[in-house]
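Enquirer: Sequence:
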Amino acid sequence: MSNPLSVQDFVNDLVFALEITGPILIILILGAVFRRIHLIDKHFIASGNQLVYNLALPCLLFFSTVNSPLRDSLDARLVIFGTAATFLIVILLSIITPWFIAREQRGVFIQGAFRGNMGIIGIAFLVNAYGSGILAKASIYLALLTIVYNLLSVWVLRNKRQSFLGFFLKNPLIVAVVFGGLVAATGLKIPALLQNAGNSLASLTLPLALLCIGGSLRWSSFRANHRSVIWASVFKLIVVPALATGGALWYGFRGEDLAVLFLMMATPTAAASYVMAKQMTSHAEMAAEIIALTTGACAITVTAGLVFLKSGHYI
Numbered sequence: 001m002s003n004p005l006s007v008q009d010f011v012n013d014l015v016f017a018l019e020i021t022g023p024i025l026i027i028l029i030l031g032a033v034f035r036r037i038h039l040i041d042k043h044f045i046a047s048g049n050q051l052v053y054n055l056a057l058p059c060l061l062f063f064s065t066v067n068s069p070l071r072d073s074l075d076a077r078l079v080i081f082g083t084a085a086t087f088l089i090v091i092l093l094s095i096i097t098p099w100f101i102a103r104e105q106r107g108v109f110i111q112g113a114f115r116g117n118m119g120i121i122g123i124a125f126l127v128n129a130y131g132s133g134i135l136a137k138a139s140i141y142l143a144l145l146t147i148v149y150n151l152l153s154v155w156v157l158r159n160k161r162q163s164f165l166g167f168f169l170k171n172p173l174i175v176a177v178v179f180g181g182l183v184a185a186t187g188l189k190i191p192a193l194l195q196n197a198g199n200s201l202a203s204l205t206l207p208l209a210l211l212c213i214g215g216s217l218r219w220s221s222f223r224a225n226h227r228s229v230i231w232a233s234v235f236k237l238i239v240v241p242a243l244a245t246g247g248a249l250w251y252g253f254r255g256e257d258l259a260v261l262f263l264m265m266a267t268p269t270a271a272a273s274y275v276m277a278k279q280m281t282s283h284a285e286m287a288a289e290i291i292a293l294t295t296g297a298c299a300i301t302v303t304a305g306l307v308f309l310k311s312g313h314y315i
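Residue numbers (our numbering): 1 to 315.
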C-alpha cells in the first residue's frame, strides 16, 4: 500500500502545477489589464490574432515538425486514443443536451463543451511542463485532432453545406504540419538564415496569443445565456478532461503521454469556435461567453487536475 500524501508532497505537487498554469494566467490577466488601460485595443487584438493564427503559430508547428522526424514524433496510440475519446464525448453530449439545452443552442453548446484551445493554451501548458522537446509530439497530435475538431464542429453546427476539403486546405495549422512532415521526410535542410527568422516568428506565438485572449475576454451578455454557458464550461473544464483522462489511465497511459492527453483535453474552449458559430448560427455571443468563462477558470481546474495526477505518480 502506498504511503499517504504528506503536506510537503502536496505543496510540491501544487508548486509543480502552478509553475505550468501560473505563467499562462498571469499573461491572460496582463492582456485584460492592458486592454483596460488602453495599452492595447480591439484593433491590436484583431491583428494579433490574425498574426498568430496565420503566421506565428504555423511557424512554430512547422519548425518543430521539421526538426523532429515523423517516425520519432508520431505517437499513433496517443492520437488514436485522443480521436476516439473526442468522438465518444461528442456522441455523449449529443445524447444528453436535448434534456436541458434549447434546440437552437445545442450546436454551439456542444462545440463549446468539446473544442479546446490546443494550439495556444494547450501548447503553452505542455511547453511549461516539458520544455520545447515536447513540441514535435504535440504538433502532430494538434494537427490531427484539429482535423477531427473541424469535422465534428461542422457536423454539430450544420445548417448549411460547406466543403470539408476547402476548409482544411485553408487551415494554416494543418498546412504547416503537413509541409513540415514532408520536409522532414525528404531530409531537406532549412538554411540557417531562414531557420533563425522562422524561430523568431515562432517565439511570438505564445505571449502574443495569450495577451490577445486576455484582452478579448468579455462578459457583456452573460446573464442572458448564463445557464447554458455555465453548463458548457463545466463540461469543458471538468467532465470532458475527467472522462478522457480516466479512460487513458484505465487504458494504461502514464507519464508524458498522459500529460499530453490531459492538458490538451483540459484546455479552455478554442477561439475558433466563435468564428464557426458566427458563420453557421445566430448564437455567436453564447460561444464568446463560453470562451471567456473557460479561459478565465481553466487555471484553477488544470492546476487541480495536475495536482491529482502528480500526487498519484501518474505523470
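Be a bit skeptical, because a hint or two may be false.
[Said to hold, decoys possible] Quick list of simulated restraints, FRET-style, between CB atoms:
#, residue 1, residue 2, range
1, Ile29, Pro98, 43 to 49 Å
2, Ile80, Gly187, 25 to 31 Å
3, Ala76, Ser282, 38 to 44 Å
4, Ile238, Leu14, 36 to 42 Å
5, Arg77, Ala185, 16 to 22 Å
6, Ile147, Ile238, 35 to 41 Å
These are computed hints drawn from the structure, not numbers from a lab.
We put the beta carbon where it would ideally sit given N, CA and C, even for glycine.
Enquirer: Hint by hint, which ones does the structure fall short of?
Expert: 1, 4, 6
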